[in-house]
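S.K.: We have chain B already, so just place chain F on it with the hints.
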Amino acid sequence: MIAALGLPVRRRPMLAIGSALLLAFLLAALLAPWIAPFDPIAQDGSIRLHPPSLAHPFGTDNFGRDVLSRVIWGARIDLQIAVLGVLFPFLIGTAVGTLAGFFGGWIDALFMRLIDVILAFPFLVLMLSIIAILGPGLTSFYIAMALVGWVSYARLIRAQILVLKTQDFAVAAQSLGFSRTRIMFRHLLPNALAGSLVFVMSDAVLVLLNGAAISYLGLGVQPPLAEWGVMVAEGQAFITTAWWITLFPGLAIVTLAFGFSLLGDALGDLLGVKE
Amino acid sequence: MHRYRFVLFRPLQFLPVLFGISVITFVLVRLIPGDPARILLGTRATPTALARIRAQYGLDEPMWAQYLYFLKNLASGEMGRSTLYKIDVLPLIATRIEPTLALVTMGVLLSLAIAVPFAAISARRQGRAADQAVRVVSTLGIGFPPFWLGLVLILLFSVTLGWLPVSGYGETLGEKISHLILPGLTVALSLSAVLTRSLRAGMIAGIHSDVATAARARGLSENAVFWRHVVPNALVPTVNLLAVNIGWLIGGTVGVESVFALPGMGQLLVRGIFSRDYMVVQGVAMTFAVATVLVNFLADIVTVALDPRVKL
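In order, the protein sequence lines correspond to chains B and F.
All residue numbers for the first sequence refer to my numbering, where the first residue is 1 and numbers rise by one.
All residue numbers for the second sequence refer to my numbering, where the first residue is 276 and numbers rise by one.
Think of the hints as simulated: they come from the structure by calculation, not from any bench.
Take every hint as true, because none was put in to throw you off.
Partner residues aside, some chain F positions facing chain B, computed with beta carbon under 7 Å:
| no. | residue |
| --- | --- |
| 1 | 291 |
| 2 | 295 |
| 3 | 307 |
| 4 | 415 |
| 5 | 417 |
| 6 | 422 |
| 7 | 423 |
| 8 | 426 |
| 9 | 434 |
| 10 | 522 |
| 11 | 525 |
| 12 | 530 |
| 13 | 545 |
| 14 | 556 |
| 15 | 560 |
| 16 | 567 |
Here the structure is a predicted model, which means the values were calculated and not measured.
Glycine is no exception: its CB is placed at the ideal position from the N, C-alpha and C atoms.
In isolation and in its complexed conformation, chain B is listed as follows (with noise of 0.2 Å):
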C-alpha cells in the first residue's frame, strides 16, 4: 500500500491534482499568520464593503475585514473539521467493526441493530438533534460527529473482516497459536483499510459540508471566528450589494472537497478499490 502511494504521479492527474490541492489548503493553514495579508478579525470601519481590488483581492466585508484573510485563516478550521471529523469516527468505526467481524454472534448482532437504527435517521438531522442537546459549538460539532458518524466505517471493516477471517493466511495464524488480538489487529485489520481508505476521503467531503453547514446554521463554530460556513452566513445579509462575501468562502469549501474527491478516486485506482 505504501508503495503504492509511493507511485510517480506523472501521468496520474487526478492523484497530482488532488494533491496538491490538499498541500496547498495545509500550507494556507500552517502558514496562516505569515501569508495572511491583514488580521482576519480586526475591524476597520473606513473600508467596509469594498469590492475585490489589488489591497484586498477578495474585497471587504460589512466589518471592514479582509476577505481573503479570512479564507486563508479559515483554512485552519475548516480542515481541523474535515480531519477529526473523520479521525474520531474511523477509530470508533473500525475498533466496532473488527470486533463485530472478528467475534460475530450476539456482539455483531447488537451493533449491526444499533447501526440500523442510526441509519434510519437523516444524518444532519441526527447530528443536529445532538447539538441541540449539547449546545452550538465546535466541540459539540466533533462529538456528535463521532457519535453519528462511526457507523459505516463499522459497516465497511465488519465486511472486510468476515470475508478475511476465513481466507488461508488467517486460518495459518490461527493454527500458529497466535493470539485473538494478534490476528485480529495484526492480521486481518491491516488488509481490511484499503476499502476505508478511499472511504475517508469521500467521507471527508461530507464532513467538511456538514460541519460548514452547521456553521452557515449558526450551530458550530462562533463568529467572529473565520470558519468558511460562518463567513457565508455573515455575508447573506448583503448577497445584493457584496456578493463577493458570500462567494470566496464558498468557492474554498468547492476547491477542498474537490481536491479530497479527487485524491480519494485516485487512490481507489491505485488500490483497485470499487466504491
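M.R.: Below, chain F alone, put in the same frame as chain B:
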C-alpha cells in the same frame, strides 16, 4: 404475485428499527441536564403545568417507566406541545410536511432530468473529451455546499436576472412551484452529481451487456438499443441509490430551507434548536427517521416492480 409477499412481512422487520428510533429520541431529550419538566415546558412554565407534565410523562418514576409513558403518549398521537408556537407538536409538524416533501420531490425530479442526459453523453463517449468533462463536473458537484449554492442561484436568477422569487413559499399552486424551482435546483445539482456517476457506470455496463448485443443482433439501431434497453436497466439501481441517499437528501434540505426561508420541517428543526423547543426537536427527528424507513420500503417495492429478476 408471490414476489410481492415481502410487502406483508417487511414491515415486521421494521419493528426493531422503529423501537430503536423511539429509544434514541427518548434518550436524546432525557440526556439534557436539569429538571425534565422545566426543560420540556421552558423556564416560564406555571407550577400547575409542571405538575401536569410530570404526571403525563411519569417524570417522577424510574427511567423505564418514563419510557413506557412516552410510548403510551406516542401511541395516542401525543408528541407534546411546542413552547415556541404554543400548539401541539403533531399538528405543527403536519403543516410543515408539505414544503419539505415538495422540495424533495422537486429535487429528485430535477436531478434525474439533469443526470440522465449527462450520464448518457458520458457513457456513449466513454474516455473522450465530453466524458472527461462530465466526470470532472460531477466530481466537483459533490463538493458544492447546498446552502452556498442556493445563495449563488439567488444572486444569479433572482437578484441579477429577476426571473424567480428570492425566498418564501406562497399560497397558490403556481406561486408554490415558482418558489420551489431554485431550492429544488439547489438540491438537484448536488444530488445529480452522485446520480450521474452511478448512472454512467450502469450505462457503460449496459452497453456491453448480452441484452444490448442481442438487441443489436435483431437489427436495432444503436440509439434504440441505448434508450430502450440500456437506460431502463441503468435506472433500476438508481432507485436504490436515491433511497440510500434519502437521509443525506433530507439533511441537505435543512440548509436549503434556511437559505430560501421555506416553512418546512428542516426550518422547524433549526428554530426548535435555537429556542430550546425540545418537544419539536424530538418530534421532527422522529418524523424524519420514520419517513426514511418508509422511503426505503417504497424503494424496495419499486425495484421489484421495475426488475422482474429481483426477489426480496
